[in-house]
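Going down the list, the sequences are from chains A and B.
Mapping of the first sequence onto this note's numbering: residues 1 to 183, in sequence order.
Mapping of the second sequence onto this note's numbering: residues 1 to 121, in sequence order.
Hints may contain errors.
[Unchecked claim] Ranges of calculated distance between the beta carbons of each label pair, as one might list FRET restraints:
no.	chain 1	residue 1	chain 2	residue 2	range
1	B	69	A	166	32 to 42 Å
2	A	112	B	54	26 to 36 Å
3	B	109	A	94	46 to 56 Å
[Unchecked claim] Partial chain B-side listing against chain A, Cβ under 7 Å, derived:
no.	residue
4	9
5	56
6	62
7	69
8	70
9	72
10	115
[As the list claims (entries may be wrong)] Partner residues aside, some chain A positions facing chain B, computed with beta carbon under 10 Å:
no.	residue
11	6
12	15
13	75
14	84
15	87
16	112
17	122
18	153
19	154
20	162
21	164
22	174
23	175
24	179
Since the hints were derived computationally from the structure, they do not count as laboratory data.
In this text the structure is predicted, and so the values were computed from the model without any measurement.
Positions of the beta carbon are idealized from the N, C-alpha and C atoms, including for glycine.
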Amino acid sequence: MLAELSMHIMDIVQNSLSAGASLVRVKIEQNDSLDTLAIEIEDNGRGMTEEEVKRVQDPFFTTKSYKKVGLGIPLFKQIAEHCDGSFEIKSVPGKGTLIRARFRKSHIDLPPIGNLKDTILTLVVGKPDIDFVFEIYKDGESFILDTREIKKELQDVPVNHPEVIRFLEEYIDKNLKAMEVVS
Amino acid sequence: MKLEDLRKIREKAEKELKLREGKARVKIVVGMGTSGIAAGAREVLKAFIDEIEKRNLQDVIVTQSGEKGLSSHEPVAEVWEEGKPIVVYGNLTPEIARRIVAEHIVNGNPVTEYVIEVKEA
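Given only the sequences and the hints, what does the whole structure look like? Please build it.
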């Protein structure tokens, strides 16, 4: 249903925002020698009880009882399990939620990462009040974008100022291209 | 290209911001629920951001919300203009998003064929 892993990331982050998170951390770890890809999304939103954690993973329960969380989580989980990987949610009410998915990178059914740049940019620019940390690791390399650092440099200038958008787009693009994260 | 380069942008932008001293004139809100994303909402949001950036529209903000409850019309976006009713657009593509910026936001003529609802602010 979602053609790219970067769209799944967008979707899961949206759940974090609905849960009132002010800080969302996205970690992508690609390891070519181990043939693995791991995606972690952690937030400081309101969290869920054990019962709720079960329900958000159930495609038949969610759409009816938990309108705010749709099919996104069951779909993401299904891909992980289908691609020789694993899926887990850890959540503490009042503290936040961590979602972790692992995949076998070379699995034929694994969707491409896709346009990660657009996912990062549209989140950072379209949610200026939220802090995001994107951590991307590939073998020995890494790219970390922390909007708290960006906002510190910018002071009163908003992250959605046209000139800042221009800068961020190039900055993200250059760093991702240099790393050649899977597509 | 380094993060420190933002300092130059800040210094330049701060002067402009002081001259303007105003709030955003227009807000564009794109619905980003699962079905919206599946239907291409990210690309639509990106097109809006691109146009704002290219045209240097400093008084227009593009933002996102969760599900809008209009799944059959996704991707969906609302245009909020001060003192005017909210215009809800549906069945958007990046091309239509670019037209909305040019025709509605810059020239003041809503792109009527994609308007699915007009509601009070």
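Violations among the numbered hints, reported as their numbers in ascending order: The structure conflicts with hints 7, 8, 9, 10, 14, 15, 16 and 24, although it agrees with all the remaining ones.
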